[in-house]
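Produce the complete structure using the sequences and hints provided.
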Amino acid sequence: MFAGMSDRSWLWLAAECYLAGLLLGTYTLVRGGRQAGGWINLIITAGYIFQLVGLGLRGHAVGGCPLGNTFEIFQFTAWSAITLYLVVGVTFRLSLLGFFTASLAAALTLVSLSIPAWDATRRAHIFGGNGWIELHAALALFSYGVFALLALTSAMYLLRNYSLKSKNLGGWFTFLPSIYDLDHISVRLLITGVAIMTAALSVGATYWLRDPERVNPVKIVVTVAIWAAYSAALAMRLHGLLLAKRFSWFLVGLFAAALISLWPVDNSRHPKEPNPAVQAPR
Amino acid sequence: MSGDHLFVLGATHHTAPLAVRERLSLPAESAEALRTELAGLPGLREFTMVSTCNRIEFYGVASAPTVAAEVQRAFCERQHFTAAEFEQFRLSLTGPGAVQHLLEVTAGLDSQMLGETEILGQVKEAYGEAQARGHTGAVLNRVFQKAFQSAKHVRSNTAITEGQVSIANVAVELAGNIFGSLAQTRILLVGAGDIGEKTAKAFQSRGAAALSVASRRLERAMELANQLGAFAVPFWLMPVKLADFDVVACATSAPDVVVTLSAVQAAMRRRPARPLFLIDLALPRDIDPAVADLENVFLYNLDDLAKIAEQNRAAREAEIGKCRALIVERATALWRQVEPRLSGGNAANAFPQVKAES
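Chains as they are written, first to last, in this note's numbering: chain A, 1 to 282; chain B, 1 to 358.
By construction, these hints were calculated from the structure, which means they are not laboratory data.
Every value quoted in this text rests on a predicted model; they were computed, and no experiment measured them.
One or more of the hints may lead you astray.
[To be verified] Cut-off 30 Å, straight-line C-alpha distance, at most; resulting in silico cross-link-like pairs (DSSO-like, lysine-lysine):
#1 A:Lys167 / A:Lys245
#2 A:Lys167 / B:Lys307
#3 B:Lys241 / A:Lys165
If you want it as structure tokens, here you go:
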């Protein structure tokens with residue numbers, strides 16, 4: 001049944017699974033019942049496997065980590081967020097996190113699949129056979145996945161804070177985790193994200209120092225700015241200068257900025273790409 | 001009609017006012033004596049006695065309908081009721097009605113505090129005692145065990161137990177929404193009155209271990225602290241110590257505010273990242289309402305808690321129809337299983353040991 005399916009078909013299947021998770025979660029919330037956590041996790045896991053196969057096929061076709069266009073970057077970010085969720089969600093058993101993660105993954109994957117222009121050109125061997133650059137790119141994108149999950153826990157914190165402050169605790173607010181647990185997990189995710197992004201930039205910096213001409217300054221400035229903003233948020237949180245609601249708003253806003261920054265980062269690579277673009281099969 | 005009869009006989013909070021329920025309540029020794037007497041009652045093949053502060057109920061399997069009247073006589077004699085007096089508030093059901101009643105009781109549907117779960121434990125205990133003494137047989141064993149399964153089913157498939165309906169438990173639930181587990185949460189009780197004590201006990205029942213008590217009268221604080229296994233804090237030290245606690249429950253009779261805005265601001269400067277949950281159970285209020293605007297501070301007063309309890313109660317009431325539908329379905333199925341056993345009269349050898357003694 002699955003033999004001969006294209007990478008995009010697998011990625012469509014994955015997106016449909018994430019959408020099913022979103023719909024199931026919404027349905028149970030609207031009905032006011034308990035979250036079908038087990039079912040949502042099962043659906044997310046199925047989506048994760050389909051996406052892994054799709055990205056694997058794409059990676060095989062392009063001869064490396066599939067990070068060659070906006071479509072692939074969105075897909076990889078969603079996949080990273082789900083990877084983290086499958087670790088964090090199971091470990092910390094945060095109620096509703098599965099629903100929020102499925103919603104984010106559905107949004108990222110469906111949007112990327114619905115805009116053909118984002119996948120119009122597939123660029124093969126974009127890392128020029130250099131494993132270190134590939135590692136740099138994969139780690140950087142993985143840190144975006146961590147920050148995606150962090151944005152979700154921050155949004156959940158804001159909702160829980162609102163429910164407690166406004167004394168509106170009924171309905172689906174009942175199923176939100178405690179404010180203390182959400183803050184705790186957000187700090188841990190922030191530390192993880194900053195550590196991974198630091199590692200990604202360190203690997204990238206080694207390459208850039210050796211051959212500064214090959215890297216677009218826009219990409220460096222934007223990426224370093226995002227890393228600096230997350231690092232500053234972590235430092236201020238640990239020193240008690242950025243807390244609670246402001247901390248969460250900052251992280252939600254920063255992820256939106258990080259997502260938007262992918263555009264200039266991706267575009268900045270095109271003029272200096274070593275490999276000619278190949279037309280994507282439709 | 002031949003065969004055995006399943007019945008329930010008793011009185012509950014629905015019909016008997018508090019003054020009557022006080023007279024209905026059976027001290028342990030009387031309960032034991034009554035059990036022995038009932039075990040010797042001719043024709044009573046099986047029985048279980050459920051006695052709580054809100055109900056006294058006898059579930060029985062009898063060889064004839066008149067046996068239930070004998071149970072009533074034995075109980076009334078012991079508790080000094082006339083038959084006419086008891087019958088004013090008597091609950092008496094037979095056959096499928098008795099089965100459905102038990103299923104409603106175990107699901108908390110018949111409780112004064114709708115959906116409470118303590119009743120299930122009480123019925124289990126009553127059944128356990130009856131079973132240990134050999135007072136139950138094939139019919140009651142089946143009926144009670146299925147009733148426990150049904151209670152679990154109703155709880156899992158409806159929202160009848162969702163949300164707390166008492167002030168103290170609402171406060172504890174809110175603390176859970178803020179801190180998650182209460183095991184590591186430090187709680188300060190300001191005021192050593194009845195409401196404060198109930199709240200402290202509710203926190204302890206949910207695993208809160210680090211509890212302290214502050215009161216204007218240190219000796220009263222120490223007394224309550226000893227009773228609760230807590231620490232006593234001198235009242236004058238309370239504003240300074242505020243930062244050391246995660247939950248502060250105030251229930252004093254002081255005419256003025258005892259937890260000021262400046263004291264909470266100072267506390268939050270020392271613990272900015274950790275939330276502070278303030279519960280004001282006093283009238284007039286003990287905590288300055290302005291603290292509610294502080295970041296990471298959550299203030300709930302008596303009205304807030306009462307409103308949440310009321311909302312939860314209304315939400316539970318909205319589930320009654322759904323619960324009853326599930327129960328009717330299960331009660332009907334259970335009655336179909338039990339009825340042939342009654343017709344066959346196969347409970348004839350129930351509690352033979354006790355009967356032999358009598």
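Now the hints, each set against the structure:
1. A:Lys167 / A:Lys245: holds, 16 Å
2. A:Lys167 / B:Lys307: Holds - the C-alpha atoms of Lys307 (chain B) and Lys167 (chain A) are around 10 Å apart, at most 30 Å.
3. B:Lys241 / A:Lys165: The hint holds at about 24 Å.
Going through the hint list in order, the structure satisfies each hint without exception.
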